[in-house]
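Assemble chain B onto chain A, guided by the hints.
Protein chains in written order, with my numbering: chain A, 463 to 573; chain B, 288 to 1161.
Worth double-checking, as some hints may not be accurate.
[Stated by the list, open to error] Examples of chain A residues toward chain B, derived with CB under 7 Å:
no.: 1; residue: G484
no.: 2; residue: G488
no.: 3; residue: Y489
no.: 4; residue: K504
no.: 5; residue: D507
no.: 6; residue: G508
no.: 7; residue: K516
no.: 8; residue: M563
no.: 9; residue: A564
no.: 10; residue: K568
These are calculated hints, taken from the structure and not from any lab test. Cβ coordinates follow ideal geometry from the N, Cα and C atoms, glycine included.
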Amino acid sequence: MIGKSLMAATTRPLILSILAEGESYGYAIIQSVKRLSDDQLKWADGMLYPVLHKLEKDKLIRARWQSTDGKKMRKYYSITEEGLAALQTEKEQWQFAYGLMAKALKLGPQS
Amino acid sequence: MKRFDLAEALENWTRQLRRNPGFEDADILEATQHVQDRVEHLLIEGWAEEKAFQMAVQEFGSPLEIGKALGKSRRPSGFSTWFFFLLPGWIKTFYRTSLKNSFYQSISIFSLAASIATALVIYKLFDFEYSFDRHFSAHEQIYRLEASFYQGGEWIASANNSWYAGQMVEENLAGVEAVVRITPGRSTFLKGEDEVFEKNLLVTSENFFQLFDLEFTEGDLSTAFTPKQAIVLTESMARRYFGSEPAVGKILEPKNGDRSLTVTGVVKEIPPNTHFQGDAIVNIEGFRDLYQEAFFKNPGWTSCFTYVKLGAGSNPDVISDQFPDLITTHLGATFSVKDTKFSLRPLTDIHLHSKSGEELSSNGNLSQLRFLGVMAALILILAILNYTNLSTAGYSSRLRELAVRKIIGANRLQIFLQFLSESLIHFQLALILSVLFVMLAGPLLEELIPFEEIWSFTIVEVLGLMGLSVLLAMLTGIVPAFTLSQIRPKSIFLSQGSYSRTKPLLRRGLVTFQFMITAGMFMATAAIYHQYQFLRTYDRGYNVESVLAVPKYNMPIDRYEAMKEVMLTHTNISAIGASSLVFPGALQSSINYRTIENTDEKRSMKAVRTDHDFFHVFDMQFEEGQAFTLPYQAERPEVILNEKAVQLLSWENIEDKWFEPLHLKEKATVAGIAKDINFESLHNDIIPVAYLHDPANAHIMYLRLGTGAIAPTLAFIQEKFADFTDNRFEHWFVEEKMLGQYAQEKAFTKVFAIFTLIAILIAFAGLYGLSRFVCERRTKEIGIRKILGASALQVLWQMLKGFFLLAFLAFLLVAPIASLSLRSWLSNYAYHISIGTSMLLQSLLAILLLSTVAVIYQVVKVASGNPVKALRYE
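Next comes chain A alone, as it looks inside the complex:
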């Protein structure tokens, strides 16, 4: 389990990295998050959507509606060039933070 502020900080890079793998929709993104965290990240599923909207507004991701079986309308999200660049920056920052924390807190390699 992680704290609330850290969780908030991880959300953005997490979603961008999932979408960097390919186009996806809300429910599937949540499933990926759960899978990656071994169900340890306790998000309210619905809180994903405001984040997605914010990313969309910042032009880091884009969305489109598509009918899946002629009936269901589903909103698909994909990462933009700007999103990829932002993800790269995030990676570098997290890399640095991880290095710092590893040294400071004398974290051993993960088993």
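Coordinates of chain B only, in the frame set by chain A:
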């Protein structure tokens, strides 16, 4: 226990989201999809449906929290999304739907434009009629001094007053600042070799321009009537005599050797919204000696229109309260408060409120004006109903567009604004088109309002008009826009949208109302037209056909008799008579009289001075007795009374009766009772009249012509007339002039017919559009009916039935209202038609016919089509 229903539970949960303002429609759709996906997933994992739903919802989180976060995520760039993303899309959609719905939209916009044009014209007409005399700067202080005389058992109002009355008021009442009198004048002037007859002169007091400030283009107020024998011309008259040269200082020579007139000023034309009109203004002081002394001194000689300017702060009621005392003190010798009343009428009231027949120029008609106002309002309502009807019909085909717009992010406010702005654009388009219509229709309305008046708009009016069209657009657009913005996109995708199906009741109501307006207007037009025809063809009890009138002012009796004899030698002239009455026209002269029953009390009655043959020329009938039997100036004078006069005197017969016109100082024999005839317009009732045998004062000669050619007869009369007098030869046909009395009715009938036509066109267009919509919706139903064996005729009836029912309902609702208001309008006429059932039924027939014609084409197209195609429709 009730079984768990997943769809229902999902629907309830969605409803919960909808209540949260943070969730837009697109969010709700996305969230619902999410929960559905999760439930499906849990079901696969083996959870029970109910439990799976509970878990999914719980995992999704609190709608309240999420809604808040959603709202926050959206806030900063709402406008930019709208401006850069939704607005271009909206403009594109507006363009596309306009093309797609061009049929319905053109009908709506056309109807709106026609109705706005109508309202515009009527507004200008109201504005014009209510603006009369307000351009005079002192208009609030000016009043007309009017008189009423008790004659023949009733008070008869007169717009005229005597010269003396003005003098009396000016000299005796504090608070009266100035008095101006106007009396119409005519004269023949020399223009080189030519003689020009000027019949529109205003003969008036020196201080005329102090009350009525006309704009001088030459000369000015201070020198206007110096010297006294002066004339101030209007620009057009100045141009006629002196071309482009300056007119001031020039001389106008009258033909009859009267003294010449110096032009002392030129004024702009008297504005059309003035209750008097004239080509020139003449100072009476320069010609005082040419008038009889009695003109200025006799209080019974009601010869001029008298205007009083009250001092600032003077109360007209206080002034009026002093009139009875004034009459008693100054007119006591001839009049008393029992038979004479004075009153003040505000200058600005004259045009619309004075009902006198003796005005300086013809007055407006308030009841007609109100009628037209109601009509314009009804036409406007009709067009707005059409618009609402057709636009809601058109919206049903746009539900999918609406859903997609909502899903890609338009919120309710944006959708609301989109539809509202569409109606705003339609109304502004209609406004532009209406200006074009007014331009086209203006010349048709010339008889009611000068064309340039329709065209003069102030900035305030233009802004007001635009504001009004925005307001109307809001009023008509707001309900559909609001309803549409509330529709859920999901329901549209799932059920094809139910918006248009929930509205037939509203639509039926609107159609019924349209039918009511149309039927009402049919009834009104029929009534107005029949009334006009009635007035034209009413049998007045005398024959005016081919009667020519020729004034013979001041011709001595013997010369007149000699001329008459010569004229009667012409084969095309069958009779000649004369009377003091300018036929047709108001009975102006009255006499005081005594009879056998009342020797003491002085009474007054309208009088016509005639010669013996006057009755013969007009084929007038007698109830008793006959035309004058004795020669003129016989030992005992003779009078003839009309039936009303005999009724007033309560006489059974005329045997042994006498009637003494006081001025004769002799008792006259009553030679006969002439049948009642109406000299004046049929707006007025017949009043008691005494015909006096007085050819010396019968100034108008009447000639009954035969069926021969008119032109040579007229030339003959003119030639013989010139042999006997130097007077100018004037003439008119009595019948022609009589029909002219109803010129206003004629113009009114025409305008009303034009408006009814517009209303019919609007109603027709609306019904046509609506029937097309209904047929499109019922195409499948018609196909099934035909496959089950219905004939085209049966289908037609099936479709028409609905419209007919509404038409009947509308008729039942409107007939009582229309017949009541038409009866009240007709009561303005002393002689009028009655509103019969047949007239009402005709209007029912008319609206049934209208709906049949509007509907039949569409219905026949669908009903005669191949039913298989109809079934494949959609």
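Quick check on M563/A please, does its C-beta sit within 7 Å of some C-beta on chain B? violated, 29 Å
Given A564/A was flagged as interface, is its beta-carbon under 7 Å from a beta-carbon of chain B? violated, 33 Å
The hint names K504/A as touching chain B; please verify it with the least Cβ-Cβ distance against 7 Å. violated, 10 Å
When the least beta-carbon distance from Y489/A to chain B is tested against 7 Å, hint result: With a closest approach of 4 Å, the Y489/A hint holds.
Under 7 Å is the threshold here; is the Cβ of K516/A close enough to any Cβ of chain B for the hint to stand? holds, 5 Å
Using Cβ atoms only, decide whether G488/A comes closer than 7 Å to chain B, and label the hint accordingly. holds, 5 Å
Does the closest beta carbon of chain B sit nearer than 7 Å to the beta carbon of K568/A? Constraint on K568/A not satisfied, violated at 37 Å.
Under 7 Å, Cβ to Cβ, is where G508/A needs to be relative to chain B, so tell me if that hint holds or is violated. holds, 4 Å
Given a cut of 7 Å on the nearest C-beta pair, is the interface hint for D507/A held or broken against chain B? holds, 5 Å
Given G484/A as an interface hint, is the shortest Cβ-Cβ distance to chain B below 7 Å? violated, 18 Å
Taken one by one, the earlier hints fail for this structure at numbers 1, 4, 8, 9, 10, listed in ascending order.
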